[in-house]
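Below are the chains, spelled out letter by letter.
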Amino acid sequence: MEAIIIGIVKSAIRLATPYLYASIGETIGQLSGVLNLGVDGVMLMGAFSAFYTVLKTGNLWLGLLVAIVVGAIFGLLIAFINVTLKAEQGISGIGVYIFGLGLSSLLFRTMVGTVQTVSGFPPLSVPWLSTIPVMGKIFFQQNILVYGAFALVPVSWFVLNKTPLGLSIRAVGQHPEAADSLGVNIVRIRYFTVILGGILSGIAGASLSIALLNVFQQNLTNGMGFIAVALVYFGAWRPKTVLIGALLFSTVNAIQIWIQVKGINVPSDFTLMLPYIVTIVVLAAMAKRRIHPPTALNKPFERGE
Amino acid sequence: MKLKKNIIILIMISILVLSLGFGASAKAFRVAVIMPSSISDMAFSQSMYEALVTIQEEVGKENFEFVYSENMFVVADAAAAVRDYASEGYDLVIAHGSQYGSSLMEIAPDFPNTSFTWGTSVNTFSDQGITNIFAYEARSEEGGYVCGVLAAKLSQTGIIGVIGPIETGDAKLYVDGFKAGVLATKPDGQVNVNWTGSFSDVALASEAAQTHINVGADVLTGTAQMVVGAIGVARQRGVLWFGTQANQTSLAPEVVVANQVYDWTVVLRPMIQLIKEGKMGGTTYALTLANGGLKIVVNQEVLVEKTIQDIIEGKINIEL
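First to last, the sequence lines map onto chains A and B.
The first sequence begins at 5 in my numbering and counts up one residue at a time.
The second sequence begins at 1092 in my numbering and counts up one residue at a time.
It is worth saying that the hints were derived from the structure and are not from the lab.
Among the hints, a few may not be true.
What the hints assert, rightly or not - Listed next, the in silico SDA-like pairs over lysine to any residue satisfying Cα-Cα at most 25 Å (straight line): (1) A:Lys266 <-> B:Arg1328; (2) A:Lys244 <-> A:Met290; (3) A:Lys266 <-> B:Gln1327.
One chain only, chain A, in its complex shape (with noise of 0.2 Å):
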């Protein structure tokens, strides 16, 4: 029985390592008042460049800071589309997923070709925690990325609530107006935002094609990005019920990958259902606590308006 538990509750903190990089990613991004849907292309580009980057040389590290290279600059594509260009930010994150998906595909077959598989970041066990009975398995047990997945969401909740910048991000998301009119620079925050979410994004893929799956292909992340901006809403906008929303999808995806296992006697389709149903019905049971989205979110912003 323990270790069953065990099994379910590690695979459902790996399932859910690449959400939460991605999803915090886009909720700060969305604090500010922008919306970005290309999260999912991002997350391939940096999966790519990552992976080709360890194949290449052999350096984790260096891979992970190629991703975050790669994932800056795409949001900073992002971010002059959306807040510079003033564009539909819906429409205009869709086309960044075609992009991301795109060019990821064509530089794997170019300068990649066959799919093959890297080593990429062990298991790194914490010392003295690893070893308590059951908890220490499950938690301690795991890759540098997914400390640094669930490691962020206190960091972000506590920069986005008890810091200035923070402050700064949501006024920016809830009243431009007022944060301009006290010289907040608004540009310049959705362009912070942006790019830290793009870098989280690139991140995200790399947490995939360097730690946990340590392979690339085309279209590796088979829409994750796009489960992760859903996650942004069902998380009202803050990044402790962003963990919860994720931690709950992948515990029943690993709960289902289990049963069909065992043979339990239930038809996949059902069981294959079960994380999105589950996830929607927690998501009404919580509409009565609603928070309103960012009263900015998805309107570019021009001074005099």
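We have chain A; now place chain B onto it with these hints.
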């Protein structure tokens, strides 16, 4: 003005004539193929791509041309591509995916001089009066059975895991055949099957492999391009792997035992011959062990060579 206009018309006519000249001289057999995933997916699409390359190398580029559109997982896009290719005058348009059938049924009647084919399926729509669609399938349960027999003999725990995509088509055939092979060899063996619901969810395939191994499986198999995730886990945890659709040995040479490889040339060659003779559709083809369309490629490395090498290098101490 009139001179300028005449010169332009003359240039356009000469371009037209020249291009016709180029077109007319090429008596190459032209094929277009639409695929749901990439040509390097180590699975379904790659097997078709490699078959076309093989045929081209045999008869020469001047006699056989082919173009491809990959990653056409959106059926509407694929249908548009099929129409485009047909209107560009390709001799044979291959819709390589069981999801493309209804699109072909609509498009084929509009292009009676083009031959269409799709798989995996047995339906040539001849009962609806359509005469220019071929169908092909892979009897992958045959190779699945062979792999199942091998798996049962190699498994020490008696528990074997199968990671399937969607319970349909040649995936279902393979899994059913594999299970039958295992149970025929080892009646008390346990075959656990899970379906990930997608052909491309690598992360889910990876976690499924972990779960299978956690419940005691020491041999795994699976199908579709998502299995790269599972193979990675198998390699990491030292669990044996059986592949299908393509030769997956290069992904994990230490643990891949054998692969069922699809050789679509066995289907394409007779089809092309029929088209050249004027029959545009109506026949169903299958890959089988008997006709060489299915081959079992064993990874000698894992089973034999490595052990031999380890003994030679003194890494194995044989206790007598």
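Verification of the hints:
1. A:Lys266 <-> B:Arg1328: holds, 20 Å
2. A:Lys244 <-> A:Met290: holds, 14 Å
3. A:Lys266 <-> B:Gln1327: Roughly 22 Å separates the two Cα atoms, so the pair holds.
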